[in-house]
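The residues making up each chain are set out below.
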Amino acid sequence: MATPQTISPNLGDRLRGFQRSAGNIAAGGGLWAAIIGFTVWAAFAERDALTVGIVLGAILALGAVGLTLIFGVLKFAHFAHGDSMMLSAFIAWLLLNGIIVGERAGSETTLLPVTINDLPGADSAIWEFSFGYGLIVAMLLTAVLTAGMMVGIDRVVYRRLRRRKSGIVIFAIASLGLAFVMRSVILIFWGPTPRLYTPGIRNRIDLPFDVSVLADQLFILAAAFVVTGIVYVMLFRTKLGKAMRAMADNPDLALISGIDTDRIITWTWAVAGCLIAVAGVLLALQAHLDSELGFALLLPLFAAAIVGGLGNPQGALVGGFVVGITQEVAVTFDFLSPGYKFSVAFAILILILLVRPRGLFGERS
Amino acid sequence: MTKTQAAPLLEVKDVVAGYASEVDILHGVSITVHGGEMVAIIGPNGAGKSTLLRAIFGLLAARRGQIKLKGQDVTNHAPNELVLRGLSYVPQVDNVFPSLSILENLEMGAFIREEGLAERLEYVLSLFPDLAGRRGEKAGKLSGGQRQMLALGRALMLDPNVLLLDEPSASLSPKMVDMIFDRIKMINAEGTGILLVEQNAREALSVCHRGYVLAMGENRLEGEAKSLLDNEEVGKLYMGT
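Going line by line, the protein sequences match chains A and B. Quick note on numbering: this note's numbering labels position 47 of the first sequence as 47, and the sequence is numbered without any gaps. Quick note on numbering: this note's numbering labels position 145 of the second sequence as 145, and the sequence is numbered without any gaps.
A few of these clues could be false.
[Said to hold, decoys possible] According to the in silico footprint, chain A covers these stretches of chain B (three or more CB under 8 Å from chain A):
(1) 108–118
(2) 208–220
[Claimed, not checked] The calculated DSS-like cross-link candidates involving lysine-lysine, where the alpha carbons are at most 30 Å apart (straight line), are:
(3) A:75 x B:138
(4) A:75 x B:141
(5) A:165 x B:68
(6) B:13 x B:70
Everything labelled a hint here was simulated from the structure, so no lab data went into it. The C-beta atom is built at its ideal place from N, Cα and C for all residues, glycine as well.
Working from the sequences, and respecting the hints, build out all of it.
Dropping the structure here:
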């Protein structure tokens, strides 16, 4: 075989590359400066709100990574994401307590003969947390169940739409319909009354730099970081994860390369299902179990995914923190009532769509 | 080189295909590619050259006709199955994963390969030294010519028997075109059969063994590449002579 010659890009290609990089820096630089500046200011002026924002950001990041994975691989907006999170949180509650509401308001029926809380010491609080190891077991079991549920929904609903070559609007509407179904399931089995995994006072922990957090929030942060780390390793170090990213990039080329795209779609739903379950349980631990909370969370989740660049998992991670922190810190201003928290996410969403539609990490198409 | 005596590696017989229902683009096209042969398909815009490659690779349903690979009927088989049987395809555009690194792009080309990945990777990178030094860089940052090389490299990762190339010289500078054709000749010299669709008829026929001229979705002419190069009708219609 003759030795191949090397080539270098011509001047035009180099100039175009330089122009592209310069444009990216100019457009993105302002946003990055604003994000960093706001966070540094909050670290000095609104430390408590910043702490809560980081905790909420971690939950949003988990949800947004799942959302962006689904968007990347399947190319549609999964409007059932928030309600799937809340349904998962209730499934964990069922596994813990085995209880659903009865036919009449106020009455309760035990559905499961054996529950996780029946295990010895499962509901005894660990360290300063408000919960025992039972909740962690319930979260892991729920992750498996939700992964199976999402794969099942794909087989019954989305795969049929794919085979009919339906447009993205049909997929989005179908997911919206499923969101209503999930919320109705929650209302039928657990009613509209908000619930807690563990009632009672939550312990507060004092950290250096005059930071005070709930012990449960430390668990939320740690769990979110561990799960995110696992997903990162899966996406960037395993063959399956690389195939998911390849499909997100160019599904036709993935097919041409011999990748079994149906199998990758199944795995995407399974991974997204695990993320949904963990995010749902952590959300319910931070706030409470509420049939309406999932849908309300949809806007911040989409804002987080879009801030990072739809389809980009690292972007969704950063986007989650940006939205979480901004939401919590912004409502400390006198002119903004806490009731407008979700409108902050909406404002971020519009700002990003106007200034940098491809998000902080999105590639120019 | 003439290999008409041996059984063809790829045989396309009277294939009819099209995108919209009841509107055919290909009206019974037939071609053959033998082992180690490089075959060009030339013709004007809209002749159905790229459509033929898509039909062979299972990306477009063949309504009639038959496609055989190594003697086996593979008509309308799924692309991932054809890849397993030794067929690879490089589309004209969108032929790399832009947000994946060069190395990851090549790994995706070998997604179904169980063994010998490292050796194959070294072989492909030795064929394209420009990519070897930049294997961690994102494919989206590559120039047009380098992208085309990466696309070729990705398709070679499974050591295919037949490689389908759709206009590999499109939108490239003359220097890059020479480089790309140089690499294609090297790949063919290693024994890979190549079916090359090209607008650049003169360049394609100068490197190929045989050629087919398509027009309006039908076989118009076929023969040794040199005889097609010298053919007055081909010269007038497609090479501006």
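Task: Structure versus earlier hints, numbers of those that do not hold, lowest first - done: Going through the list in order, the structure violates hint 2 alone and respects the others.
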